[in-house]
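*Asks:* Residue strings, one per chain:
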Amino acid sequence: MAALTEQISLARTGSPARKKPGGLGDQLFRAASYASALLVLLFLAGILASIAYGGWPAFAEFGLGFITSSSWNIGQEQYGALVAIVGTLVSAVLALLIGVPISIGIAVYLTQLCPGWARKPVSMTIELLASVPSIIYGMWGLFIFAPLFAHYVQMPVSSVVEGMPIVGTLFYARVPSGVGILTAGIILAIMIVPFVASITRDMLDQIPTVLRESAYGIGCTTWEVVRHVLVPQASVSIIGAVMLGLGRALGETMAVTFVIGNANRLSGSIFDPGSTIASRIANEFNEADGLQLNSLMALGCILFIITFIVLIIARLLVRRVKVA
Amino acid sequence: MDAVTTLPTTAAPARVSRVRSSRRVADKLLIVGSTVATLIGIVVLGSILLMLIVEGMKGFSPLLFTEPTPGPGSEGGGIANAILGSLVLTLIGIVIATPVGVMAGTYLAEYGRNSKLADVIRFLNDILLSAPSILIGLFVYTLMVRPMGTYSGWAGGVALAIIATPVIVRTTEDMLRLVPSTLREAGAALGAPPSIVIKSITWRGASAGIVTGIILALARIAGETAPLLFTALNNNSWFSPNLMGGIPNLPVMIYQFALSPYSNWQQLAWAGALLITATILALSIVARFVIKSERAR
Chain A
211 MAALTEQISL ARTGSPARKK PGGLGDQLFR AASYASALLV LLFLAGILAS
261 IAYGGWPAFA EFGLGFITSS SWNIGQEQYG ALVAIVGTLV SAVLALLIGV
311 PISIGIAVYL TQLCPGWARK PVSMTIELLA SVPSIIYGMW GLFIFAPLFA
361 HYVQMPVSSV VEGMPIVGTL FYARVPSGVG ILTAGIILAI MIVPFVASIT
411 RDMLDQIPTV LRESAYGIGC TTWEVVRHVL VPQASVSIIG AVMLGLGRAL
461 GETMAVTFVI GNANRLSGSI FDPGSTIASR IANEFNEADG LQLNSLMALG
511 CILFIITFIV LIIARLLVRR VKVA
Chain B
4 MDAVTTLPTT AAPARVSRVR SSRRVADKLL IVGSTVATLI GIVVLGSILL
54 MLIVEGMKGF SPLLFTEPTP GPGSEGGGIA NAILGSLVLT LIGIVIATPV
104 GVMAGTYLAE YGRNSKLADV IRFLNDILLS APSILIGLFV YTLMVRPMGT
154 YSGWAGGVAL AIIATPVIVR TTEDMLRLVP STLREAGAAL GAPPSIVIKS
204 ITWRGASAGI VTGIILALAR IAGETAPLLF TALNNNSWFS PNLMGGIPNL
254 PVMIYQFALS PYSNWQQLAW AGALLITATI LALSIVARFV IKSERAR
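For the record, the sequence lines run as chains A and B. Adding 210 to a residue's 1-based position in the first sequence gives its number in the working numbering. Adding 3 to a residue's 1-based position in the second sequence gives its number in the working numbering.
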């Protein structure tokens with residue numbers, strides 16, 4: 211009797227006799243989960259470390275001149291990143307200029323105008339554009355889009371603007387082959403549309419209906435509701451979505467490699483071929499060694515820095531976005 | 004309250020619109036503009052699919068699935084080695100990424116929750132999710148190809164695993180968070196330690212969602228080309244079972260063959276492109292339906 215009461219009182223006071231649930235297995239499971247989470251950090255650190263290490267000799271050899279030089283001469287071992295950096299930025303900015311209005315248009319259509327029965331299939335179609343592999347966009351761009359673009363846009367536009375100041379340089383195609391910086395920008399625009407459109411759509415959906423209804427109630431047109439109520443409400447997220455699109459456009463490789471023309475030339479015309487950081491790495495890496503390899507790694511390092519700044523800003527603006 | 008009863012009964016004159024025409028035009032422009040934008044999206048997808056079907060079907064024959072890719076200039080051939088290689092690489096990728104991704108997602112949703120470390124990992128995982136895949140290729144090249152002195156299927160698989168992991172981490176965490184806390188509390192009240200609660204309550208509750216994440220990751224890596232260029236590369240014969248040396252795979256085969264001067268190579272590239280796109284679209288449609296029904300539950 212006395213032993214039993216002693217046991218009960220021990221249990222009540224939480225004596226060492228009471229066994230905590232779980233043992234070694236529980237600890238191991240927790241450790242494995244913790245280690246996996248840390249591995250994600252390690253991946254990111256590893257990417258930065260490996261390309262910084264690989265690119266170091268190029269930075270050491272050329273210094274700041276690596277960024278400002280536009281020569282890429284394999285024979286004389288002179289490497290500069292300027293053409294690739296400019297090509298990357300210009301094609302990505304063109305992609306935004308073309309892709310963002312289309313994305314916002316699609317989001318507005320889906321949330322405001324689309325009849326109920328068509329909403330799901332149309333949404334699905336737009337989202338499926340995101341699953342098409344980048345190499346397929348490259349083939350479509352090169353074999354379907356580029357010939358049409360050369361024939362119906364580059365040739366007529368070139369003949370009209372030839373000789374004019376500024377536009378005559380900007381839109382003149384010396385060889386209207388359909389490939390070039392603008393073509394890359396258009397293909398990239400199509401590739402970022404599904405991402406930007408679906409985030410924007412979700413953000414527009416989250417705006418309380420009562421705001422929209424009150425605006426319609428005082429006699430606003432659909433345009434006014436979108437312009438003065440919906441877009442201001444969702445603006446931060448839309449900018450975040452656009453930055454996310456920019457991040458994708460900057461690092462996109464295969465589609466761009468197919469359609470940009472891969473020329474190392476700084477040209478005033480957006481119809482001319484050029485190259486981006488990613489397309490140059492994809493083109494040359496397998497045949498490169500020595501300083502050329504280091505220079506390509508250094509290009510990768512610059513791409514890492516640019517994209518990661520953009521992506522960090524994007525993620526700070528859009529807190530949580532769906533994966534698909 | 005009086006206002007209601009004393010409302011002027013003389014309403015605006017009928018049929019004369021008080022809406023200024025500039026407002027009307029802006030409204031029309033918005034409707035036309037956004038409809039056209041949507042049509043562009045639909046037409047592009049339609050034209051991509053049409054192109055793949057038309058060009059891909061031209062070269063479709065049973066030989067595709069039995070013959071290896073032909074050497075430069077030689078006739079005929081299939082893409083059997085590339086299909087098998089792609090399956091092997093994707094499988095290696097997903098087999099590595101699944102445990103890492105699910106465990107890391109579990110950490111974020113169950114153990115870490117709102118801790119500082121979990122916030123940091125969540126943030127960096129989202130960044131890794133949209134990181135340029137070509138940089139991951141460079142990383143694995145430095146990590147594996149260079150030390151081993153040869154391209155290999157293992158390097159290709161690891162590169163794909165690094166791309167797949169953040170997708171699985173993200174969906175696993177999202178899905179685990181949908182499991183109500185009361186279920187976990189009920190398990191804990193029965194005396195189950197955290198690992199048992201997770202394994203037999205939360206994982207089980209979120210299993211369909213976690214599987215969806217894995218399917219999405221599969222769809223993501225199946226068409227990846229850039230990271231494979233520097234890791235698995237390609238070759239035109241059957242690969243050795245130890246996966247050393249260049250491993251034939253569909254994406255790099257398509258890249259090399261589509262831009263080649265040989266018409267039978269181009270034909271094979273189209274057939275491969277049709278095959279891989281159809282597979283990926285099917286995977287993403289399946290994943291979407293599972294995730295919809297899971298969220299609706």
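Worth flagging that the hints you see were computed from the coordinates, not collected in a lab. Honestly, I wouldn't trust all of these hints.
Stated by the list, open to error - In silico negatives: residues of chain A with every beta carbon more than 10 Å from chain B: (1) Tyr-244; (2) Leu-274; (3) Ile-417.
Claimed, not checked - Listed next, the stretches of chain B that the computed footprint assigns to chain A, with coverage defined by at least 3 CB atoms under 8 Å from CB atoms of chain A: (4) 83 to 92; (5) 242 to 250; (6) 275 to 283.
Claimed, not checked - Covered by chain A, according to a simulated footprint, are these stretches of chain B (three or more residues, beta-carbon under 8 Å): (7) 63 to 73; (8) 96 to 102; (9) 109 to 116; (10) 119 to 133; (11) 159 to 171; (12) 179 to 189; (13) 226 to 232.
Beta carbons: idealized from backbone N, C-alpha and C, even for Gly.
*Asks:* Run every hint past the structure and note whether it holds.
*Replies:* Checked hints:
Distance check for Tyr-244 (chain A) against chain B: the nearest CB is about 6 Å away, which does not clear 10 Å, and the non-interface claim fails. Distance check on Leu-274 (chain A): its Cβ is at least 22 Å (rounded) from any Cβ of chain B, clearing the 10 Å threshold; non-interface status holds. Non-interface status of Ile-417 (chain A) relative to chain B is upheld: no Cβ of that chain comes within 10 Å, the nearest being about 17 Å off. Under a criterion of three residues with beta carbons nearer than 8 Å to beta carbons of chain A, the stated coverage of the segment 83 to 92 of chain B fails, only 0 such residues being counted.
Only residues whose beta carbon comes within less than 8 Å of a beta carbon in chain A count, and the segment 242 to 250 of chain B has 0; fewer than three means the coverage is violated. Only when three residues or more bring their CB closer than 8 Å to a CB of chain A does the claim for the segment 275 to 283 of chain B stand; here the count is 4, and the claim holds. For a cut-off of 8 Å, the count of residues in the segment 63 to 73 of chain B with a CB near a CB of chain A stands at 0, and the three-residue condition is violated. Using a Cβ-Cβ cut-off of 8 Å, 1 residues of the segment 96 to 102 of chain B lie near chain A, which falls short of the minimum of three, so the contact claim is violated.
Figure legend: the segment 109 to 116 of chain B, annotated as covered by chain A; annotation consistent (6 residues with Cβ-Cβ distances under 8 Å, at least 3 required). Coverage of the segment 119 to 133 of chain B by chain A holds [criterion: at least 3 residues with CB-CB distance below 8 Å; count 12]. Under the rule that three or more residues need a Cβ within less than 8 Å of chain A, the assignment of the segment 159 to 171 of chain B holds, with 4 such residues. As drawn, the segment 179 to 189 of chain B meets chain A at 0 residues by the rule of a beta-carbon pair under 8 Å; below three, the given contact is violated.
Judged by the Cβ-Cβ criterion of 8 Å, the segment 226 to 232 of chain B is covered by chain A as claimed, because 5 of its residues qualify and three suffice.
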